[in-house]
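Here the protein sequences come in this chain order: X and E.
Sequential numbering from 1 applies to the first sequence in this note's numbering.
Sequential numbering from 1 applies to the second sequence in this note's numbering.
Keep in mind the hints are simulated off the structure, nothing from the lab.
Certain hints may be false.
It does not matter which identical chain is used: a pair holds within one copy or between any two.
Stated by the list, open to error - Within a straight-line C-alpha distance of at most 16 Å, the following computed EDC-like cross-link-like pairs (lysine to aspartate or glutamate) qualify: (1) LYS385 to GLU174; (2) LYS408 to ASP357; (3) LYS70 to GLU112; (4) LYS425 to GLU203; (5) LYS383 to GLU310; (6) LYS233 to GLU249; (7) LYS363 to GLU149; (8) LYS91 to ASP206.
Protein chains: 2
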Amino acid sequence: MNKVEPRTLPGFMELLPQEQILFNQIKDKIQNTYEKFGFLPLNTPIIEDSKVILAKAGGETEKQIYRFSKGENDLSLRFDLTVPLAKYVAKNYGSLAFPFRRYQIGKVFRGEKPQKGRYRELYQCDIDIIGDGELSIINDAELPIVIYETFKELRFGEFTIYINNRKILNGLFEQLELSNMAPDILRIIDKIEKIGKEKVIKELTDLGIEKEKVSNIINFIEIEGTNDEKLKKLKELNFKNEVFAKGLEELEEVVKYIRIFGMPENNFKIELTIARGLDYYTGTVYETFLDEYKSLGSICSGGRYENLAEYYTDKKLPGVGISIGLTRLFYQLNEVNLIKSEKKSIADILVVSMTEDFKYVSKVANKFRQEGKKVQIYFENKKIKNQFKYADKLQIPYTVVIGDDEVKSNTYTIKNMETGEQETKSI
Amino acid sequence: MNKVEPRTLPGFMELLPQEQILFNQIKDKIQNTYEKFGFLPLNTPIIEDSKVILAKAGGETEKQIYRFSKGENDLSLRFDLTVPLAKYVAKNYGSLAFPFRRYQIGKVFRGEKPQKGRYRELYQCDIDIIGDGELSIINDAELPIVIYETFKELRFGEFTIYINNRKILNGLFEQLELSNMAPDILRIIDKIEKIGKEKVIKELTDLGIEKEKVSNIINFIEIEGTNDEKLKKLKELNFKNEVFAKGLEELEEVVKYIRIFGMPENNFKIELTIARGLDYYTGTVYETFLDEYKSLGSICSGGRYENLAEYYTDKKLPGVGISIGLTRLFYQLNEVNLIKSEKKSIADILVVSMTEDFKYVSKVANKFRQEGKKVQIYFENKKIKNQFKYADKLQIPYTVVIGDDEVKSNTYTIKNMETGEQETKSI
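Chain X with its partners taken away, still in its complex shape:
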């Protein structure tokens, strides 16, 4: 028979079992932390009506969408978990209790050009809190706490949550009458660490911005110091702009509540240049960096938006959310060797036998299962040496050895596969 090559497409993550166990441990920790804060699970379809998926899309995103037809249906695979959430809340508005707090951990699909660390099928781990008409600013301070608890649990090393408020930037640009150039300006000032202050000034000037305004922008992005010093300096700018003032007030509130909720001071930082590309963020924005691996980019981002579902409903639904791009993160962490695991096997014990008495073998296995252990019995008729090799290959930490002696004496021999220590015990 002609064989088909058993290939997996480029841009699609498919892990060997031991890597998959690590991946799942991370995913489970994220989920457990989300649930610890009472977020509700959601599982929307992967395939949606293209009209729903494309309601808001445009530009690059739209080109990346997997869109196809089947019968008379124009279908698309979801490219994020926010659009399906918007649809869901608009659709089920009457059945939900607000604030609606949901998490969704699932795959999304983006037909990007595949390259190192970029995936076409990727896990996102999202939480959002949606208000009905309004939503307290305190929620904007709770999400950093959830991020903090999540990454503390994950133990990838020290991390910092960068916080800003879009209204501060928007107010600044409004005041300088540069709102229409905001995206370009943001793109340029984002490069300051890479290209230096002088080049930023040059590029801003090249955009046609007057000298005084360029110097205003530079003064703004050069605000440094502790979180409190930054807040103080922002006030001292004495900017007579309502949007700016509102943003500053919100940022102060968020910092206040983050502290009230007990986050250590070195785990969060006001970072005035963070804007998040997406148009729909209107207030608080977050990015999260590993202190030792800032080059990985933000590993958890999000923010506050004014209106989640405006494309589907007239209801005003403000929200705040964060997302972890788990597939990419897993790839990156592997690259820098940051993934630690407690355990690389599912089974705690492999029962290895040199007897025909499977009644006894199964009795011993069940004893351990009843104690909550995960137990595999080796059934193949192989030499004991091969059975141990199998346990080693699967990195199963313990074997329980049962031979005819053990059957006769109602015992079993338990062996620590790492140290080689073994002990015969009575059942």
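For this one, chain X is given, so just place chain E on it according to the hints.
Structure of chain E alone, referenced to chain X:
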């Protein structure tokens, strides 16, 4: 702005949060049981190369596949978890330890005509054990134990696992020189409970089968009694056919080990007419029925196959597997009101506050979180009555009430939302 209708496509399950919690409880129990037996997790891509997906497909299945192109790629969504497993094992043969025991719980996609209880995007929960060249028959007896433990855990009521061996049927047809008519014959005898013996005889005769052979078939399917009586009667048929003899021997082995592993006699039953439609089953086959709801059809099926990955590799990879179609099962169980849940909320506690002192509120919430409880704090500035209503709507079992009195006295008031009982406790 013109609004897009926030619709979910027909044939796609999208649950409200409380239903989703129930769904996840079932899914988690299945996964936990699979892991208890040491099965390894797998998570293959949803999108595969069409060549891979279509290597084996044909007929109805092929028509149902969601197939599309993106750029130069001819892509398909997986329609089951077996084809991706075959590809995976062929691809990673050198890296896997055999027997390779894996579970995969994930969505598959079938463009079926949507109808009540039929879904286009559905969860399958599969386990398979793959051998390298050979695989002990004892594995065929372990899978029913996994099914037994799973459905015992799920508490949907009494259930029976029906067991047969395809070789018994194949041997019978071979002996009667009716192998080419086997599918038609199986289809007809499958209806015996519905249409009765006389009609079955008539339909078989109409196929052109001689009277004596028809009566042989009828004798065979009329074998009744306990499992041991059936095995005895099968032997007494004294069929001089090798395939038949091999099937009978295997069935006896499977029954022997099922008993050795401790399954209660009333939870499994030899059922000689079970064939499972799929071509690739070659030995043991399983179906599982809820005793009180046989009409739901088999809720967990599977069997032994000779060669998992013959479309991708020359390696001989025999296996045995089972699958639970969770999405359909969840729908059906809901219909007959069989889903019991311990808990319909994620949060164990809603912290309700009538104070501005969120430092204290957060301290109390963290105390419970540290004890392993899932805790939501209500942040919105709403009357206490509305906060209780929110807890009720989310079916959160306890509220912790904190007012200024509690802050002053370092206490909190915990209220059982079902009984209304409340108690003030010192922190």
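Next on the checklist: Need the list of violated hint numbers for this structure, in ascending order.
Outcome noted: Numbers 1, 4, 5 and 8, in rising order.
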